[in-house]
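Could you put the whole structure together from the sequences, leaning on the hints where they help?
For the sequence shown, position 196 (counting from the first letter as 1) is numbered 196 according to UniProt numbering, and the numbering increases by one without interruption.
Wrong hints could be hidden among the right ones.
Distance condition first, Cα-Cα at most 27 Å in a straight line; then the derived DSS-like pairs of lysine-lysine [as the list claims (entries may be wrong)]:
no. : residue 1 : residue 2
1   : K349      : K233
2   : K415      : K302
3   : K176      : K203
4   : K121      : K239
5   : K369      : K382
6   : K410      : K331
7   : K178      : K331
8   : K121      : K302
9   : K176      : K121
10  : K410      : K369
11  : K420      : K369
12  : K301      : K290
13  : K203      : K302
14  : K369      : K385
15  : K331      : K347
16  : K233      : K208
17  : K239      : K294
18  : K301      : K415
19  : K410      : K302
20  : K385      : K294
21  : K347      : K420
22  : K294      : K208
23  : K176      : K369
24  : K208      : K121
25  : K301      : K347
26  : K420      : K382
27  : K302      : K385
28  : K382      : K290
29  : K294      : K349
30  : K294      : K420
31  : K203      : K239
32  : K385      : K410
33  : K410      : K420
34  : K349      : K302
35  : K239      : K213
36  : K176      : K410
37  : K302      : K331
Everything labelled a hint here was simulated from the structure, so no lab data went into it.
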Amino acid sequence: MKGLIQSHACSSSPYSSSSSTFLRPPCLTSTSRNCKFPLQLPQAMCSSQRIYRCSGVHMEACHNSYLSKNHIVARFSWGSSETQSLFSKQSLNKLLLPLGALVTSQTQLDVSNVPIVDEDKIGVLLLNLGGPETLDDVQPFLFNLFADPDIIRLPRLFRFLQMPLAQFISVLRAPKSKEGYASIGGGSPLRQITDAQAEELMKFLWEKNVPAKVYVGMRYWHPFTEEAIEQIKRDRITKLVVLPLYPQFSISTSGSSLRLLESIFREDEYLVNMQHTVIPSWYQREGYIKAMAKLIENELKKFGSPEEVMIFFSAHGVPLAYVEEAGDPYKAEMEECVDLIMEELEKRKITNSYTLAYQSRVGPVEWLKPYTDETIIELGQKGVKSLLAVPISFVSEHIETLEEIDVEYKELALKSGIEKWGRVPALGCEPTFISDLADAVIESLPYVGAMAVSNLEARQSLVPLGSVEELLAAYDSQRRELPPPVTMWEWGWTKSAETWNGRAAMLAVLVLLVLEVTTGEGFLHQWGILPLFR
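Laid out in C-alpha cells, this is it:
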C-alpha cells in the first residue's frame, strides 16, 4: 500500500453537503484524474457524503441522518474487494491520519486544486514579532519586549518585579534604539511587509480554491495578537491555522507567541470550541528552500568572482541554556536548514564555502556560538575577501537586517580586511515562498481539530502539527525549571566570572527596584521613571 500511495496520484471528488465535519487526509486531497474505482452509497441514507479515491484504494464516507451525529458510514474498496463499516469520527480519524502522514512524509502534494467542500470559515493567523512604526513607539515597544517572561526570566521570588524591570531597561535602551530606527527611516517596516505577505498569501489561497481570511498578530506591537483574535471572532472563523512567520521554532519567538495564544484560548469560550492547528516550523519545505537558494544565487552573480565568495549565514541568537537545558530545537533546525539550502545550491552547481553564526546577543549570559561579530573578524584574519551575508532566520526586513547587518556588520567586515560585501534580501513576498506557505496551510487543513503530534522529531514535508498546548508541552515542558547557564565559579577574568558579575549587577538592580517600589523614593522617582502610573 505504501508503494502504491507513493507512486500514484490521488484525487478527491466532493458530493454535497454543508453539514459534514469529515476531515480529509492529505493523501486524498489532490486532484489528479487517475481514478479507477468509483463507489456508490445510497444517497437517500446520507445527510452528507464524500467520495475519496486513490489508485489502489477507494473510500467513501457519509453522515447518515438516522445515526448518531458522531458516527460515519465508510466504505473501502481494494481491487475487487469491498467493505462497508460504521465508524465513530474519532476512530476514523485515527485510521486516516497515519495514511496522510505516510504520504506527506514522502511526497510534496499537488494542492493547487483542492476544493473546499463545506461551509466552514477558514482563517490563517500569521504570528510575528512586531516593531515600532515611529520613534515615539520605540520605548513602549521595548517595554512590551522586556516584560515578556520568555525574554527576561526572573527567579520566582522576584517575578513581581518583571514590569518595573522592563520599564527600567526600556528607558535605558530607548535612546540607542531610536538611533538605530532613525537610521532606517524612523521606524520598523515589519508591519507593512507582514501585511503585504498576508495579502499575497490570501491571494494564493483563493487561487488554490481555499477561500480563507488571513490575519496578522504581532507579539510586541500593533496589531497585537489579541487584536487579531478579536477580529477572528467577529468574522466567526470556525477553523484556524496558526502560522508563525519564523522558519525555525524557538522558545523565545514562536514559543512566546504560542504561549500568549494559549492563555487567550483558555479564557474564551468561543476559542475553546474553535478547531485549530499550529504549524510550528517550516524551514524544511521545498518552496522555502528553493526561494532562499534563488536569492543567494542572484546575489552571488553580482560579485566579480562568485565562486570565491564565502556564504555567511547569520541567524538570530538565543541563550545557550534554552537549547541545552530547555530542549529548544532552534539550533538543530537552523543547522538543518542551512544544510538543505546548501544542498539545493549544489544542485545549481554552486559549491561555495559557507558558515553559520548567531547575532543580536544581549546580557551577560552565554548565547549560541559562534557569534556573528567575532566570526566576521576571524574570517577577515583568515584572508576572506568576499562575503555574502544571508539573514537565515528572518523573512522580512527589519532592524536586525537593515541596521545590524547592513550597517554594523558591514562596517566591521570592511575594517577586518573583507573587501567585498553583499547581503541577500529577506524573502518578503517572493512568489515561490508565499505559494509554498499557502500549500503548507492547505496541507494542514485536514489536521484542524485532529491533532497529529505523535512524532515531533519527524522531518516531513508537512511539519508536525498540534494544538498550542500540546506543542508547548512537547517543546519546553521544563521551561520554568531552567538552571543557571553556569553552575561553577571560576576565579580570574573568565566568562564564568563575567556571568557572575552580571548576576550580581542584576541582583543589585533588583534590590534598588524593591527599595524604590516599597519606599516611593529614589533616583527612578527623581527621573520620572517611577511611579509607572501617575
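Task: Structure versus earlier hints, numbers of those that do not hold, lowest first - done: Hints 1, 3, 7, 8, 9, 13, 17, 28, 37 contradicted; others consistent.
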